[in-house]
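Undergrad: Residue numbers (our numbering), protein chains in the order written: chain V, 1 to 297; chain X, 1 to 540; chain D, 1 to 343.
No wet-lab data here; the hints were simulated from the structure. Being a predicted model, the structure only gives us computed values, none of them experimental. Backbone N, C-alpha and C define an ideal beta-carbon position, used for all residues, glycine too.
Coverage of chain D stretches by chain X, computed from C-beta distances (three or more under 8 Å per stretch; other residues unrestricted): (1) 148 to 159; (2) 166 to 173; (3) 196 to 202; (4) 284 to 297.
Derived BS3-like pairs: lysine-lysine, alpha-carbon spacing no greater than 30 Å straight-line: (5) X:Lys539 with D:Lys194; (6) X:Lys225 with X:Lys205; (7) X:Lys324 with X:Lys313; (8) X:Lys225 with X:Lys427; (9) X:Lys233 with X:Lys102; (10) X:Lys500 with X:Lys324; (11) X:Lys205 with X:Lys233; (12) X:Lys313 with X:Lys427; (13) D:Lys194 with X:Lys233; (14) X:Lys224 with X:Lys539; (15) D:Lys234 with V:Lys186; (16) D:Lys194 with X:Lys225; (17) D:Lys194 with X:Lys224; (18) D:Lys55 with X:Lys225; (19) X:Lys340 with X:Lys324; (20) X:Lys427 with X:Lys500; (21) X:Lys205 with D:Lys55; (22) X:Lys500 with X:Lys313; (23) D:Lys247 with D:Lys234; (24) X:Lys292 with X:Lys324; (25) X:Lys427 with X:Lys340; (26) X:Lys427 with X:Lys224; (27) V:Lys186 with V:Lys200; (28) V:Lys187 with V:Lys200; (29) X:Lys224 with D:Lys55; (30) X:Lys427 with X:Lys205; (31) D:Lys234 with V:Lys187.
What follows is each chain in one-letter form.
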Amino acid sequence: MPRFSLYQEEYHPSPLQHTWLAFRQSHVAVIGLWILGFFATLVVFAPLIAPFDPVQQHTDTLLIPPAWEPNGSIEHLFGTDSVGRDVLSRLVYGCRMTLGISLILVLLAMLVGVAIGALAGMTRGVRSSVLNHLLDSLLAIPTLLIAIIIVAILGVGLVNSMWAISLALIPQFVHNTRDFVRNEMKKDYVTAARLDGANKVHLFFITILPNMVEMLVVQGTMALSIAILDISALGFLGLGAQAPSPELGTMLSEGLKIAYMSPSSIALPGSAIFVMVLSVNLVGDGLRSALRNRMRQ
Amino acid sequence: MTFSASGNRCGGLPGLALLLLLAGCMGNPDDLPDGVVYCSEGNPNGFNPQLDASGTTSDASSHQIYDRLMDFDPQSGRVVPALASSWLVSEDGLTYTFQLRKGVAFHQTPYFTPTRSFNADDVLFSINRWRQADHPYHNVSGGTYPYFTSLGLNNIITDVRRVNGYRVELTLSRPDSSFLANLATDFSVILSAEYANQLAQQGEKSRLDTFPIGTGPFKFVDYKKDRFIRYAKHPEYWRHDRAPQNLIYDITTSSSLRVAKLMTGECDAMALPAHSELPTIEQREYLVLDEKPGLNVGFWAFNTARPPFDNPKVRQALALAIDKNTLLEAVYFGSAVNAKSLLPPSSWAYQEGLTDTSYNPVLARRLLEENGIEPGFSMNIWAMPVERAYNPNARKMAELIQGYLRQVGIEANIVSYEWSTFRQRLKQGLHDSVLIGWSADNGDPDNFYRPLLSCNAINSGTNRAMWCSQQYDALINDALQHTDPDQRRAIYWQANALLKQEMPLVPLAHAFRYQAYHRSLQGLVINPFGAIRFGEVEKD
Amino acid sequence: MFRFVLRHFNLYVLTLLVLCIFSFWLAYLFPGDPLVNLTGLTLNDPADYQAMAQKYHMDSGILVQFWHYLVLLWDGDWGFSFSSGLPLYQEIFDSLPATVELSTYALLLSLLIGIPLGFLAGLRHHRTTDNALLAASVVGYSTPVFWLALLMILLFSLQLGWFPLSGRISLLFDVPHDTGFILVDIWLSDMPNKGAAMINAVQHMVMPVLSITIVTTAIVLRLTRRAVVEVMPKEYVQAAYARGLSKHQVILRHVVRNAMLPILPLLAMQSTILLTNAMIVEVIYSWPGIGNWLIQAIYQRDYPAIRAGMLAVSTLVVSLTIFIDLLARIIDPTRERGARAKI
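The shape of chain V in the complex, shown without the other chains (with noise of 0.2 Å):
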């Protein structure tokens, strides 16, 4: 129902549209978030868009060079792999798989990293200091490090390398939260609503939660550009996915052998890595710096 304006009224953008606003200003951040956009289209509707199924070998069609090349086909438009995979196919489903399995590892890192982090940043003591310190030095070792560490005692495999990375990523989330929640707790909205009663529980969800949203998001974004990196990198030193499968570190690693005959095995699953992180971090950027243009207003 339209609303009868009689004064000319403030608008008054809420904290997040805030925060978009100033997002929008730059121009490279949104590209970074359509290029982003595009490559979750690719997660979501990877079997739709791939032509071919990433794993079948089509045995009379080997090492096709791509289409633009003299003798390439538009049958197969990136060509070929030496066992007869389309690489298009491979490099759709590779995507879906590096960033779907990301994402999973960082939000999975995110609601464990939280909750620790909430728990430690709310109770006070000898038990927390130690903790505290332990955390400290633990989170001075790179999360590919301690992956690797994680991989060489459970083995070599996918799944193993999803468990490293997701127990890698998680102190961050446990040390931001622990210090957010440190710095909001001495601020008087919170001591208000400690005054009206609120237990410890509603204190953190109802009050200091929603507050943490956007510091989540920005972390969440690093902790993607991380994840993206690591489990690439742990496929493509054959410690993470196994090949066949289409993951974009192991096909990496797979057309390395190729790499004389057809330089496109090499230069496109690393493309793909290269700019999924990039928009990744472009879009981090951009959410960081509309953050602190926010804050300064």
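Got chain V; can you put chains X and D on it based on the hints?
TA: Relative to the frame of chain V, chains X and D by itself:
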């Protein structure tokens, strides 16, 4: 936008560009020490080929560190004198007398200084080590002598006698038409008895096989697993003084990396170029690619000790389920011929008219069902982790076979380990089926039939099918009694028919042998009868 | 001051203890006999087995076992590798210096390039130079380091033939192993062709160092830029301008000091990420370092090697971190504990 920006950044780094230029231009290849670098494909299992039948081990030691009593001439395949300057065979074919060469010096290294040159004691020691189970060195370093036991040579020789310092007499229990050839293979190397005695006194017997002493053109300097083997010229080599000052094996497991190193000149020669890489090598003028039909066979062996692969019908069904022609095309890129039996076409006992198993998934499915293999049955295919002439890419082949098996309702898992672990577990029979092969050590057909499928070869670890048939063993033993090639051929053809029925393994391909090296390297010839030789190589 | 050091020392010992417990526990976690996983020896002879069990006190309680494990670790008896049969202590301390060398050069180079560029970008905030540098740095740190290394091989080795693509030096040079740092070793050696060896070693180093440097420089640039951007509007900078100091003087006397102080530890902290990148790059360039070694051990399921290698690498990283943190707190006591890099 972003890309031009990145270019901008690099342009802003004059210091970096300077560094690049500095390092790029100052290198002068003439400053390198004299020597040959060979990119080899894996780690040897020690430096004594008696103990190990793998090509990597004999490549690293047989012709570099050691000599044999006799050698094969790489061109004609005839047995020619080496440490034995001449030999006599008695009328009944049971006694062999060898006259040994005088004044052949053993290597002098930081860990051993020889006091005498080569003589009959060294021959006695080298042969008795693998022949006599109670020899003090027999059980050192694992104590398995796969080549000799798979051929039953330890039982054929009844006596090795020292006539005088430079004359040795060997007595056999029965005539063996392939005996001289066996003593000329990569595995029949001559070790130093003096060094062995010295080590026995020090209580470090196993060093005999890890810090080797021989009479070959190069002496051992250093070995770092996964990295390199370093040899130096043996200055008193008995044949000639031409060998390069240094010989380095740069251990590089990935064949694409080996080709890359060959292209950048980091290696002068490389082992086993993958078939897909041959055109790349041929295109380059500064590289040479030699090709020779190889004495080898690549196959897919079933572990007949494990149900359901103990059933010949199941094995036949699996053989029908794969399209060999496509496998050949995809894995060997046309540089191999289809294998119908164990023997390659270049062998004199090759059976011309033998029919091949055809590709017939429908029949395969029916056979499987008749023998109680339900759809969804799962098995594993072991794919060897290294490239070999007979199978340049077992992994890829396994993936293709996986695809074929899926069409007949079988789920195949591909299994692979690091090479030495792989073979160790294979020997224990932990596999369902395996993609592997065999390169012959001499041109005799017995060298295919016996090591691959005889009962004895199960224990020595070359019978990958774990298949033992008295009928088959009787046939191949019988063949050795005859000296007439026609008679022998007829017997081997009977064996072919038996194998066709039993299908313990599916022969896949006989590959050509390739060798790639820089044009500046002279004198590197393909040795069809085994390991590579660097003694005669010269670098311009 | 003394309290800082003491607290950091306590933390260090505690963390190392946790790592040791973990590595000891690994021997039990891995498949197979814990004793075999600890020693790395296949003990077929019962007498040998007994002797080893005695040495590791396998019949005593778990705490006694752990104590003796610690003693053996301290003595440098880390067991043997399954695959090579060599002592792990020796293998690890052969390959670790190679990694440290690679990382050190890469870190120095990226600081040398990244900090000046970061200042340039920060001082020209929101201008073309800044935007270009920022864009370049986003591209830089979005690039997977293993892909970059491959592209460099394709371009500089195979196409242009400028640089060799594997190892630390041509194997024809037999460089004695003293310090493990190749350039130092060549310097100290009495080889006849030292100059040629030196050039050859540098040629081998260029590509691995550059691949790591490009990624790290991007991060260093962003950290520096952010610090400068935050310092510039501060009152003391404005005050300095007001006092009539020239732009040069302001930047040299006030901006550099105040911008660098808080981020120096953050930059140093990059060394751990750099170390991980170095470990991956090693695999591609066949650099004989700890990363290459550890990944080979994982492929070959060499459990004693994984146990010891993991302990060595994480000890190195933790030592670095705690040392840097301590240093940072000594330089700047007002700093918050464990502040993190935000890029």
